[in-house]
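Number of protein chains: 2
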Amino acid sequence: MSMIGVFGANGFIGRHVVRRLIGQGLPVVAFGRDFPADYAELVGGPVEIRRIDLMNSLETHASLQDVSTVVQLINSSTPGMANNQVVSDLNNNVAPQISFIEACIVSKVKNFIFISSGGTVYGMPKYLPIDEKHPTSPLNSYGMTKLIVEQYLELLSRNTDTGYTNLRVSNPYGPGQDSKKGQGLIGTILKLHRLRQPLTILGDGTSQRDYLYIDDLMDAVAAAVERPPINGPLNIGSGTGRSVLDVIAGVEHLLGQPLLVQYAPGRTTDVPVNILDVKKAADLLGWVPSTDFEDGLARTLATWKY
Amino acid sequence: MSMIGVFGANGFIGRHVVRRLIGQGLPVVAFGRDFPADYAELVGGPVEIRRIDLMNSLETHASLQDVSTVVQLINSSTPGMANNQVVSDLNNNVAPQISFIEACIVSKVKNFIFISSGGTVYGMPKYLPIDEKHPTSPLNSYGMTKLIVEQYLELLSRNTDTGYTNLRVSNPYGPGQDSKKGQGLIGTILKLHRLRQPLTILGDGTSQRDYLYIDDLMDAVAAAVERPPINGPLNIGSGTGRSVLDVIAGVEHLLGQPLLVQYAPGRTTDVPVNILDVKKAADLLGWVPSTDFEDGLARTLATWKY
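Chains as they are written, first to last, in the UniProt record's numbering: chain A, 1 to 306; chain P, 1 to 306.
Mixed in with the good hints, there may be bad ones.
You can't tell identical chains apart in this list, so a pair holds if it fits in one copy or across any two.
Result set (DSSO-like, lysine-lysine): computed pairs, CA atoms no more than 30 Å apart in a straight line [what the hints assert, rightly or not]: (1) LYS279 / LYS126; (2) LYS181 / LYS279; (3) LYS133 / LYS279; (4) LYS108 / LYS280; (5) LYS110 / LYS279; (6) LYS126 / LYS191; (7) LYS126 / LYS280; (8) LYS181 / LYS191; (9) LYS108 / LYS126; (10) LYS280 / LYS133; (11) LYS133 / LYS191; (12) LYS110 / LYS280.
Worth flagging that the hints you see were computed from the coordinates, not collected in a lab.
If we strip away everything but chain A, and leave its shape as in the complex, we get (with noise of 0.2 Å):
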């Protein structure tokens, strides 16, 4: 049988991709390090889980034998990360992710659907909304481990039976981030916001981000799965700027009440804007994101575990 493999399926995305997909009745195997005992019901139903470490090359190995297509949202760096750790990064996240594309390619897996980041890979904006054809030139150590990533990709399956569909994925948001880290800036606000703390706005709230809602961006992983590989890059973002402020001032009319914030200096390794063009996954997936954010918000806040 020809099994679509989630890889690191207990994450918030992952989550997601593993609920959509079983909900179109597709053939799923959940790959991860560590799965809760209520998974299916996180999920939406039951799944086949098998526990790897990609550190493990061989066992790794060993458990795609029946996958053809492969969703790889494992990723050990987090865009917050300092520069300084770019060694360890390079040996212990990107060495390992590089011998999983080595060991999907000798175990002719079809369709190699890699999860990128289109809000770190270009780097400072020359032009927005950034396309494809922009210059990659991150600024900080995660985006530069995912376009590593994509190049290997590139390079590894040239002449090879695996292809491979590189998602450059701006900033997802939506039920289910983890509401105890703080994953994002939408999920970081209403965790604070549950401690009663300040947020802390790096910068003057003014930095814009593309934020694509959850579902949006499960349409887009679902038409991946569905389509033959694209052999390069696609943006998968809302195509819209939000600033932090706005984000804000969202959060604050859904809640009927303002936030507790606090400014401290913006970071060198954050850019001031992204905003993707997302044409290419238009024509390519035939792909659109569909949800207001309003609308995202909302049906984010209604979900959020407090």
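Use these hints to put chain P onto chain A, whose structure you have.
Positioned in the frame of chain A, the structure of chain P alone reads:
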């Protein structure tokens, strides 16, 4: 004192760099793992030697305190290396180079001149000659490692005292190419001729490269040492393409006799043609290649150690 550190000072290019810079009366330190007893003779004068191994980052860091300009030639992989060694290449070649960049930044090196590969970082040409705006999509691990080092230089040097100049060098040739290993096409031709063994042409011999005479490359390195860092890539090549068959005909003409050749299938990790556009280097370094191929070839043969 502000020293110029040449890293990989005992290779073909490294020895020429040391010879050129000490010839100009500049303060040079030759860094490398191994040096022959007659090194001073080989490079045309006495020079301070520091034995280092990039894998030993503490030792390397300690050796940098008086170095303000770095010429980085150390690379433990070669263009012919197979793509199935990419993970070890990443861990054992790229990671130590990134640590080295970090050490140079901490030591406040002013200009990190990186000898990159104009022949491999671009991959399959979309147009000719290839300028620095051409997309980078290497076909082999060697080009990928060069590209990754370039990218980390850009990432890590931002907002620091360290600038960088990425010299994307084409195919250098000239006196001093290793006659035992058979370095480069011309070195290989001459080595096999000496041994009366046939040259194996991969493909049909029409694949073109941009051959750069070593003295022209030295003019570019000397200009880069004298100027402030470019903080970007510069193509360094002859700007003209010659096929394998052209090169063979040129050598046969100078030797006055035919060479033994045989044919074998080409490698998919080699590009069919590579010719660099070197206008940017003319603009920013005031450098132009000045040696005719026929003259360079004649000088190479004249000093060849049979």
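Each hint, compared with the structure:
1. LYS279 / LYS126: Both: 18 Å inside a chain and 23 Å across chains, each within 30 Å.
2. LYS181 / LYS279: So LYS181 and LYS279 fail the 30 Å test inside a copy (33 Å) and across (51 Å) alike.
3. LYS133 / LYS279: Answer is both: 12 Å inside a copy and 23 Å across each meet the 30 Å cutoff.
4. LYS108 / LYS280: Result: close within a single copy only, 27 Å intra versus 43 Å inter.
5. LYS110 / LYS279: Intra 25 Å, inter 42 Å, cutoff 30 Å: intra-copy only.
6. LYS126 / LYS191: Neither. Shortest intra-copy (34 Å) and inter-copy (49 Å) distances fail the 30 Å Cα cut-off.
7. LYS126 / LYS280: both (19 Å within a copy, 20 Å between copies)
8. LYS181 / LYS191: For LYS181 and LYS191, the Cα distance is within 30 Å only inside one copy (8 Å; across copies 63 Å).
9. LYS108 / LYS126: Close across copies (29 Å), not inside one copy (38 Å); limit 30 Å.
10. LYS280 / LYS133: both (10 Å within a copy, 21 Å between copies)
11. LYS133 / LYS191: This pair counts as neither: shortest intra-copy Cα distance 37 Å, inter-copy 44 Å.
12. LYS110 / LYS280: within (22 Å within a copy, 41 Å between copies)
Comparing the model with each earlier hint shows violations of hints 2, 6, 11; every other hint is respected.
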